[in-house]
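K.L.:
Chains as they are written, first to last, in the numbering used here: chain A, 1 to 549; chain B, 550 to 851.
Among the hints, a few may not be true.
Derived coverage of chain B by chain A (criterion: at least 3 residues anywhere in the stretch with Cβ under 8 Å from a Cβ of chain A; other residues may be distant) [what the hints assert, rightly or not]:
id, region
1, 612 to 623
2, 631 to 641
3, 787 to 798
4, 806 to 812
Derived by calculation from the structure, the hints in this document are not laboratory data.
Predicted model, so just to flag it, every value in this text is computed and none were measured.
All C-beta atoms, glycine included, are put in the ideal place defined by N, C-alpha and C.
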Amino acid sequence: MLHVSPVARTGALLAVAAAALTACGTANGAGTTADSGKPVYGGTLVYLEDRQESCIDPQIGGDIPQAMIGQQYTDDIVYEGPGGKIEPWLAKSWTISPNGLTYTFTFRDNVKFTDGTPLDAVAVQDNFERVVNPKTGSSTDGGYIAPFYKNSKVLSPYVLQVNLTTPDSSFLNVLAQGYFGIESPKGFARGISKNCQYPIGSGPFEVVKDVPNQEVILDRNPDFNSPPPGSTHTGPAYLKQIIWKIVPDESVRWAALTENEANVIYNPPSEDYASAAADHITMFDKERPGSPNSIIFNTSVAPLNNVLVRQALLYASDEKANLKSAYFGTYPYVASPLVPGTPDYDPALANAYAYNPAKANQLLEEAGWTGHNSQGYRTKDGNVLSVTVPYDSDAGQTPPEDLTLFEDIQASEKVAGIDIKLQPISTTELDNLYEGNGYQTLADGYWITNTPDVLRTLFSTQALKYYGTNADKYSNPTLDKLLAEGLAEQNPAQRQTLYDEAQVLVSQQALIMNLYPAEERLAINANTHGVSADYAVGLPDFYDTWISG
Amino acid sequence: MPPAEQRNNALMTVTNVSSAIDQQPGIVRLGGRARGLSPGIVLAWLVVAFLVISVAWPGLIAREAPLAVDPAHPLQGPSLSHLFGTDQSGRDVFSRVVYGARESLSIGVAATGVGLAIAIVLGFAAGLGGRWADTVISRFLEVLFSFPSLLLALLFVAMFGAGVGSLIIAVGIGSAPGYARMIRGQVIAVRNAPYVEAAKVLGHPPLRIMANSIFPNAMRPLLVLGTLGIGQSIVWASALSFLGLGAAPPAPEWGAMLAAGRDFISSAWWLEFFPGAVIVATALAATALGRHLQRRLEGRLA
Chain A
1 MLHVSPVART GALLAVAAAA LTACGTANGA GTTADSGKPV YGGTLVYLED RQESCIDPQI
61 GGDIPQAMIG QQYTDDIVYE GPGGKIEPWL AKSWTISPNG LTYTFTFRDN VKFTDGTPLD
121 AVAVQDNFER VVNPKTGSST DGGYIAPFYK NSKVLSPYVL QVNLTTPDSS FLNVLAQGYF
181 GIESPKGFAR GISKNCQYPI GSGPFEVVKD VPNQEVILDR NPDFNSPPPG STHTGPAYLK
241 QIIWKIVPDE SVRWAALTEN EANVIYNPPS EDYASAAADH ITMFDKERPG SPNSIIFNTS
301 VAPLNNVLVR QALLYASDEK ANLKSAYFGT YPYVASPLVP GTPDYDPALA NAYAYNPAKA
361 NQLLEEAGWT GHNSQGYRTK DGNVLSVTVP YDSDAGQTPP EDLTLFEDIQ ASEKVAGIDI
421 KLQPISTTEL DNLYEGNGYQ TLADGYWITN TPDVLRTLFS TQALKYYGTN ADKYSNPTLD
481 KLLAEGLAEQ NPAQRQTLYD EAQVLVSQQA LIMNLYPAEE RLAINANTHG VSADYAVGLP
541 DFYDTWISG
Chain B
550 MPPAEQRNNA LMTVTNVSSA IDQQPGIVRL GGRARGLSPG IVLAWLVVAF LVISVAWPGL
610 IAREAPLAVD PAHPLQGPSL SHLFGTDQSG RDVFSRVVYG ARESLSIGVA ATGVGLAIAI
670 VLGFAAGLGG RWADTVISRF LEVLFSFPSL LLALLFVAMF GAGVGSLIIA VGIGSAPGYA
730 RMIRGQVIAV RNAPYVEAAK VLGHPPLRIM ANSIFPNAMR PLLVLGTLGI GQSIVWASAL
790 SFLGLGAAPP APEWGAMLAA GRDFISSAWW LEFFPGAVIV ATALAATALG RHLQRRLEGR
850 LA
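With the sequences and hints as input, model every part of the structure.
P.N.:
Below, the structure written as structure tokens:
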């Protein structure tokens, strides 16, 4: 099934980023004991994840679980290193024309896909053409690339010239994201559904078995010769095989890990962080840049079409304290529209909308919600001030900690007289709500990307009209102008000023209830070593991983 | 129960008819003959008393509001200040269990009511509606029987959408086939009882016979069934809520509490233990009382 829900897209991912990657636990690179001896070849890694799309090709749709598995079997055109530095990967070198419109890439001439097809300029061109084609349904890659992509020309077997319609200062960062792993055009020729199940890349592993939504088996690519610059070894991966399994319940994943039935699990339960060391388990957290996990407000429907009500919602709830409680202090609170570590993040907003119930009440009075019903909820002209928060109740979609957080927020808002109704619904129902604009809010909105251009993806009129990624249904010409100028700006200081202004505007408009940054969170058992995450968007990397006996 | 062969007893005299009418069993009086009560029954009544107070005046037992969060004190173990501990939002689990009685019991009672109502219509139509109606309804019930009841309930939740209302209807529909078949059998048996035959011979109009003779006598076993059924319905409703198909958070519904606590089972056993124990105690109490009633009724009817 190729359709990827807009909600998933909202929750989708990634980008660039430069920067910082303030990892919260172990930093980049080795996740586990670095000094545990010499790496050995062989062994099977069992990795348990909370969810997966039925299509594991990240070019289709483009949600974070697809990119996480995609990273194992594909390589990217360029690599993003520490501090956001773009380094060569499949492209040995490249040039950018002074007007910022023409990129000329020279690719390595010895890389092959696992089906034997050479990875050359024609193959990369096919990948570009595929994601910009609306029929492909590539919401993440297509959303980033299609608006700027004009055409491309194969200048020689390994040289490709890509022409843009307008300058895009985040273009290389986008290419460094695992979402745009380069795949074999021969694989594309089999049709989208076949390629969804058995995508073919040039990465350290290859997909040999795929039971959608249950497990994927990846075998070592014996001919692998294109490791990214951050790797600690060359040649084929140490691991012989990866069993990539979907286990929606976090407590079940944790139990499997502590019983050594799994080597690495994704999203371990927060309440187990405290006991991890005693169980010889390493926690590996890496912040993902972009827009934080949040509750999105639909500004096109009452009562959230009133900015005073939106601001009151933010003042009324103590998200910082609620987050600390629900996630046992394992997540930092993010108050700004960008996660710290995203380029051009504005630290001035770090304390925006600090808990202030008096202010919330004042704003609601100002907005005319002056009456109260028998339950203490505010009323205006006979209507009760009520906001519904639908969340995905399908297995593995909403972590239990999030539900706790929502219930805590619900209790805080009640004190201010706002009736928050939590509505558990299926992914399908959520898609229908999204498509019919039948929602007041959406929970678990986040967008992982390594550029501040995420603000355009989420809040611009362009995104509202053309990409379907503006779930806030917000439109403001002033913001649109700032975001367009920021994207085209080549001067870093100027760019920072424009994006600072944009962040302040988004924050003032109270478009989302900020919660916490998306993170790659892994828990790793004692005999698994060398787990790392990429810098661009925080995808697990098992190329350097090995298992001790 | 009067044997069915009596339907052929066409030679009854008027005297016999009168005495047959007199033999109609009376309406059950719960407070009937004094009899030694077993400790189990006393315990069951205590559980019921606790539940009745929880439903009627929860504030009498629970000191805290069921939705009052205290994010600074999540997952505290049982103590004097929190008898059943606190949950992941710092809410008092004891208060939630007490307030949850209203939600869980009303779902159980209402679902049993829905099930019985559907069953009465189908059962009476099959029992009194003639051969064709009987055949059609009986085959229909057999089709429904081929689905496990819980699966049937799941199917209806899938059709109506999740929520307390659809949960009640779903569990009601899921339990209806069993009741309906029982009622049909009862109606057929009573329909042929001597006192009904007698009422017919005396020329009572059919509606009166149905209202005065068949209905009350056919329904008596349902009192037992219904009591047993409430326990069953509570378990099913909790199961569906556990699966996320019932009450929406933060409602203190027992099944939903179990579902929410499941993720903390390794570190906070009390989140699972207390709601689970209350579900078990309620279902056991309803079953014990149902059986007790059944024994007493059988004693009277023998």
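K.L.:
All hints, please: hold or fail.
P.N.:
Tested hints:
no.	hint	result
1	612 to 623	holds (count 6)
2	631 to 641	holds (count 3)
3	787 to 798	holds (count 3)
4	806 to 812	holds (count 3)
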